[in-house]
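> Each chain, written out:
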Amino acid sequence: MFFTKGLEAFGNYCTLMWRSFGVPERWKEFFRRYLNEISKLGIDSIPLILIVSLFIGCLCTILIKLNMQSPLLPRYTVGFSTREIILLEFSSSILCLILSGKIGSNIASEIGTMRVTEQIDALDIMGVNSANYLIMPKILGLVTILPFLVIITMVTAMFGGWAVCYTGILDPDTYIYGIQTDFVEFDVWFALIKSLVFGFVISSISAYYGYTVKGGSVEVGKASTDAVVMSNIMILITDIVLTKLLLM
Amino acid sequence: MIEVKNLDKFFDGGTRQVLHNISAKFYDGKVNLIIGQSGSGKTVLVKNLVGLFKPENGEILYDGRDITLMNRKELKEIRKEIGMLFQGSALFDSETVMGNVMFPLMMFSDMTPEQQRERAQFCIDRVNLTGSADKYPAELSGGMQKRAAIARAIALNPKYLFCDEPNSGLDPKTSIVIDQLLWDITHEFDITTIINTHDMNSVMGIGENIIFVNKGHLGWVGTKDEIYDQDNEDLNNFVYATDLFRDVRKYRRQHGYTKTKVEY
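Note that the protein sequences, when read in sequence, are chains P and F.
Per this note's numbering, residue 1 is the first one in the first sequence, and the count goes up by one each step.
Per this note's numbering, residue 1 is the first one in the second sequence, and the count goes up by one each step.
Hints in this document: simulated from the structure, not taken from any laboratory.
Possibly wrong hints are sitting among the right ones.
[To be verified] Okay, derived cross-link-like pairs now, PhoX-like style, lysine-lysine, Cα gap no bigger than 25 Å in a straight line:
{"hint": "1", "chain 1": "F", "residue 1": "K159", "chain 2": "F", "residue 2": "K47"}
{"hint": "2", "chain 1": "F", "residue 1": "K73", "chain 2": "F", "residue 2": "K159"}
{"hint": "3", "chain 1": "P", "residue 1": "K40", "chain 2": "P", "residue 2": "K102"}
{"hint": "4", "chain 1": "P", "residue 1": "K5", "chain 2": "P", "residue 2": "K244"}
{"hint": "5", "chain 1": "F", "residue 1": "K80", "chain 2": "F", "residue 2": "K54"}
{"hint": "6", "chain 1": "F", "residue 1": "K25", "chain 2": "F", "residue 2": "K215"}
{"hint": "7", "chain 1": "P", "residue 1": "K214", "chain 2": "F", "residue 2": "K250"}
{"hint": "8", "chain 1": "F", "residue 1": "K73", "chain 2": "P", "residue 2": "K28"}
{"hint": "9", "chain 1": "F", "residue 1": "K224", "chain 2": "F", "residue 2": "K159"}
{"hint": "10", "chain 1": "F", "residue 1": "K47", "chain 2": "F", "residue 2": "K80"}
{"hint": "11", "chain 1": "F", "residue 1": "K159", "chain 2": "F", "residue 2": "K76"}
{"hint": "12", "chain 1": "F", "residue 1": "K76", "chain 2": "P", "residue 2": "K214"}
{"hint": "13", "chain 1": "F", "residue 1": "K224", "chain 2": "F", "residue 2": "K250"}
{"hint": "14", "chain 1": "P", "residue 1": "K5", "chain 2": "F", "residue 2": "K76"}
{"hint": "15", "chain 1": "P", "residue 1": "K5", "chain 2": "P", "residue 2": "K214"}
{"hint": "16", "chain 1": "P", "residue 1": "K102", "chain 2": "P", "residue 2": "K214"}
{"hint": "17", "chain 1": "F", "residue 1": "K135", "chain 2": "F", "residue 2": "K159"}
{"hint": "18", "chain 1": "F", "residue 1": "K25", "chain 2": "F", "residue 2": "K224"}
{"hint": "19", "chain 1": "P", "residue 1": "K214", "chain 2": "F", "residue 2": "K215"}
{"hint": "20", "chain 1": "F", "residue 1": "K159", "chain 2": "F", "residue 2": "K80"}
{"hint": "21", "chain 1": "F", "residue 1": "K135", "chain 2": "P", "residue 2": "K40"}
{"hint": "22", "chain 1": "P", "residue 1": "K28", "chain 2": "F", "residue 2": "K76"}
{"hint": "23", "chain 1": "P", "residue 1": "K28", "chain 2": "F", "residue 2": "K5"}
{"hint": "24", "chain 1": "F", "residue 1": "K76", "chain 2": "F", "residue 2": "K54"}
{"hint": "25", "chain 1": "P", "residue 1": "K28", "chain 2": "P", "residue 2": "K40"}
{"hint": "26", "chain 1": "F", "residue 1": "K5", "chain 2": "F", "residue 2": "K76"}
{"hint": "27", "chain 1": "F", "residue 1": "K250", "chain 2": "F", "residue 2": "K5"}
{"hint": "28", "chain 1": "P", "residue 1": "K28", "chain 2": "F", "residue 2": "K80"}
{"hint": "29", "chain 1": "F", "residue 1": "K224", "chain 2": "F", "residue 2": "K54"}
{"hint": "30", "chain 1": "P", "residue 1": "K214", "chain 2": "F", "residue 2": "K224"}
[To be verified] On the chain P side, residues computed to face chain F include the following (Cβ under 7 Å):
{"hint": "31", "residue": "T117"}
{"hint": "32", "residue": "M126"}
{"hint": "33", "residue": "G127"}
{"hint": "34", "residue": "D182"}
{"hint": "35", "residue": "V184"}
Positions of the beta carbon are idealized from the N, C-alpha and C atoms, including for glycine.
Can you build the whole structure from these sequences, using the hints too?
Put into structure tokens, the structure is as follows:
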């Protein structure tokens with residue numbers, strides 16, 4: 001029963017995505033909505049990202065320093081480990097887990113409210129492909145802006161780690177030396193590739209839950225929660241798959 | 001004209017039949033009402049008519065074109081001839097009244113932005129919302145939202161106008177204003193208007209062609225002048241559900257009004 005339902009939901013999700021990715025009715029209107037989504041989903045998330053990244057960068061540095069007190073380990077290991085954590089996992093996966101709460105619930109509740117107030121039916125009656133009109137700009141908008149948010153996260157988190165060194169836990173120059181040690185450029189590309197996939201996962205899953213909601217405001221709230229939970233699960237699963245594919 | 005022939009609609013994987021062999025005609029340039037109690041299948045019938053649901057059996061002919069046989073592209077073309085007023089107005093929250101009315105023009109017309117604005121303003125003026133063009137739906141009363149939705153529905157000069165419970169949630173006076181507006185628009189622009197309602201005041205005010213749906217079956221067809229004196233128990237239970245209409249029946253009987261012959 002659970003398997004059949006899951007399979008049915010996956011089929012519906014694929015059908016919705018198929019309907020979403022068509023040629024827009026009016027390119028001008030599509031670009032207006034696309035830019036609006038970039039602003040709403042991406043630019044508006046920058047304050048949250050800055051705060052979270054700054055503090056996580058600080059915490060990473062402090063905790064690594066506390067747990068690496070061995071005289072056998074060079075001091076720059078703190079900077080090196082902070083960089084690896086930030087580039088490989090925090091800037092993409094953890095950031096997207098955080099953003100799925102904000103963006104995922106936003107998308108699911110917006111589209112869900114449009115569904116229960118018959119605004120989507122109104123679009124369909126007019127002859128507009130509602131899936132294409134509503135969902136495609138959100139997916140493309142988030143996929144476009146998320147790599148930039150990842151770069152902002154990387155820079156801010158590493159800056160946070162450097163700034164906390166001035167409290168006396170580590171020499172800032174040693175930290176800088178650590179984050180430059182054995183730098184592999186592909187780690188940055190790895191994070192950016194993951195962000196593209198996660199952007200699609202968050203926006204498409206949340207749009208699916210919003211678009212297929214039935215009932216009233218209670219169901220919209222439930223759809224928002226389900227969208228965030230499912231997005232998080234799928235981010236974690238795809239994270240493992242991508243790590244295995246790209247790094248091993 | 002829209003004609004429905006032998007329409008059946010099932011839900012729950014074919015286990016629950018909601019519409020049973022419905023056949024009816026909706027005439028051009030007239031206000032056609034679909035009436036019936038809540039849960040009788042009115043909304044399902046309307047959603048079949050506009051193509052939001054696909055019936056299991058039967059035909060839905062728009063001037064001879066069967067929409068049940070159309071593919072998505074053909075259906076999209078015919079939908080450009082349809083305007084619809086939803087029960088909850090269904091205005092786009094993020095757009096002003098002007099934005100809402102301009103939306104179908106922007107998506108489907110070849111007008112310049114100035115012409116779109118001009119046409120939208122005409123529709124807004126026509127529904128007496130002149131001063132509210134820059135307001136958002138949340139700033140409007142229920143009646144004003146309905147009028148804005150009517151303006152949006154007529155923006156593309158539709159041939160067919162569907163209205164799902166246009167008076168729900170409105171006070172009697174505002175309901176009369178909306179009914180009158182729908183009547184005027186129907187005759188002014190020669191639209192085939194189909195209204196789904198259970199409001200007897202609307203029925204008596206604007207019902208030129210009335211289709212009574214009862215438990216998913218076609219219960220009766222006639223006009224507002226014929227509806228009072230029928231030997232149809234289900235119809236009479238619906239019509240005379242309120243004291244007001246029971247008093248009307250009493251008055252008519254006391255004053256010797258005779259039954260009207262009806263052709264089904």
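> Compare the structure with each hint and give your call.
Outcome of the hint check:
1. Between the alpha carbons of K159 (chain F) and K47 (chain F) the distance comes to roughly 17 Å, so the proposed pair stays at or under 25 Å and holds.
2. Distance check on the hinted pair: K73 (chain F) and K159 (chain F) sit about 19 Å apart at the alpha-carbon level, within 25 Å; holds.
3. Restraint check: the Cα-Cα separation between K40 (chain P) and K102 (chain P) comes to about 11 Å, which is no more than 25 Å; the hinted pair holds.
4. A C-alpha spacing of about 29 Å is found between K5 (chain P) and K244 (chain P), which places the hinted pair above 25 Å, so the restraint is violated.
5. Under the criterion of a C-alpha separation no larger than 25 Å, the hint pairing K80 (chain F) with K54 (chain F) is consistent with the structure, at around 18 Å.
6. For the given pair, K25 (chain F) sits about 19 Å from K215 (chain F) by alpha-carbon distance, which is consistent with the 25 Å threshold.
7. The suggested pairing of K214 (chain P) with K250 (chain F) is violated, with an alpha-carbon distance near 45 Å, which exceeds 25 Å.
8. Of the supplied pair hints, the one linking K73 (chain F) and K28 (chain P) holds, its CA atoms being roughly 22 Å apart against a limit of 25 Å.
9. Annotation: proposed proximity of K224 (chain F) to K159 (chain F) holds, straight-line Cα distance about 23 Å (limit 25 Å).
10. As the CA atoms of K47 (chain F) and K80 (chain F) are separated by approximately 16 Å, the hinted pair is consistent with the 25 Å bound.
11. For the given pair, K159 (chain F) sits about 14 Å from K76 (chain F) by alpha-carbon distance, which is consistent with the 25 Å threshold.
12. Taking the CA atoms of K76 (chain F) and K214 (chain P), the gap is about 24 Å. The hint holds against a cut of 25 Å.
13. Taking the CA atoms of K224 (chain F) and K250 (chain F), the gap is about 17 Å. The hint holds against a cut of 25 Å.
14. With a CA separation close to 31 Å, the supplied pair K5 (chain P) and K76 (chain F) exceeds the 25 Å bound.
15. With a CA separation close to 16 Å, the supplied pair K5 (chain P) and K214 (chain P) stays within the 25 Å bound.
16. A hinted pair counts as satisfied when its Cα atoms are at most 25 Å apart, and K102 (chain P) with K214 (chain P) qualifies at roughly 22 Å.
17. Taken as a hint, the K135 (chain F) and K159 (chain F) pair is broken in the structure, with Cα atoms around 28 Å apart against an allowance of 25 Å.
18. Note on K25 (chain F) and K224 (chain F): the hinted pairing holds, with a Cα-Cα distance of about 16 Å set against a maximum of 25 Å.
19. For the suggested pair K214 (chain P) and K215 (chain F), the alpha carbons sit about 24 Å apart, so the restraint of at most 25 Å is met.
20. Of the pairs offered as hints, the one joining K159 (chain F) and K80 (chain F) holds, with about 9 Å between alpha carbons and a cut-off of 25 Å not exceeded.
21. Restraint check for K135 (chain F) and K40 (chain P): satisfied, since their Cα atoms lie roughly 22 Å apart, inside the 25 Å limit.
22. Restraint check for K28 (chain P) and K76 (chain F): satisfied, since their Cα atoms lie roughly 20 Å apart, inside the 25 Å limit.
23. Our distance criterion of 25 Å between C-alpha atoms is broken by K28 (chain P) and K5 (chain F), whose separation comes to about 42 Å.
24. Restraint check: the Cα-Cα separation between K76 (chain F) and K54 (chain F) comes to about 14 Å, which is no more than 25 Å; the hinted pair holds.
25. In summary, the hint linking K28 (chain P) to K40 (chain P) is supported, as the alpha carbons are separated by about 18 Å, within the 25 Å threshold.
26. Distance check on the hinted pair: K5 (chain F) and K76 (chain F) sit about 22 Å apart at the alpha-carbon level, within 25 Å; holds.
27. Using a Cα cut-off of 25 Å, the hinted pair K250 (chain F) and K5 (chain F) is violated, with the two alpha carbons roughly 37 Å apart.
28. Our distance criterion of 25 Å between C-alpha atoms is met by K28 (chain P) and K80 (chain F), whose separation comes to about 20 Å.
29. Between the alpha carbons of K224 (chain F) and K54 (chain F) the distance comes to roughly 30 Å, so the proposed pair goes past 25 Å and is violated.
30. About 36 Å separates the Cα atoms of K214 (chain P) and K224 (chain F), which puts this hinted pair outside 25 Å; it is violated.
31. Checking T117 (chain P) against chain F: minimum C-beta separation of about 6 Å stays under 7 Å; hint holds.
32. Interface hint at M126 (chain P): satisfied, since its Cβ lies 5 Å from the closest Cβ of chain F, which is below the 7 Å cut-off.
33. Interface hint at G127 (chain P): satisfied, since its Cβ lies 4 Å from the closest Cβ of chain F, which is below the 7 Å cut-off.
34. Proximity of D182 (chain P) to chain F is violated relative to the hint, the smallest CB-CB distance being about 49 Å (cut-off 7 Å).
35. Look at V184 (chain P): its Cβ only gets to about 45 Å from chain F, farther than 7 Å, so that hint breaks.
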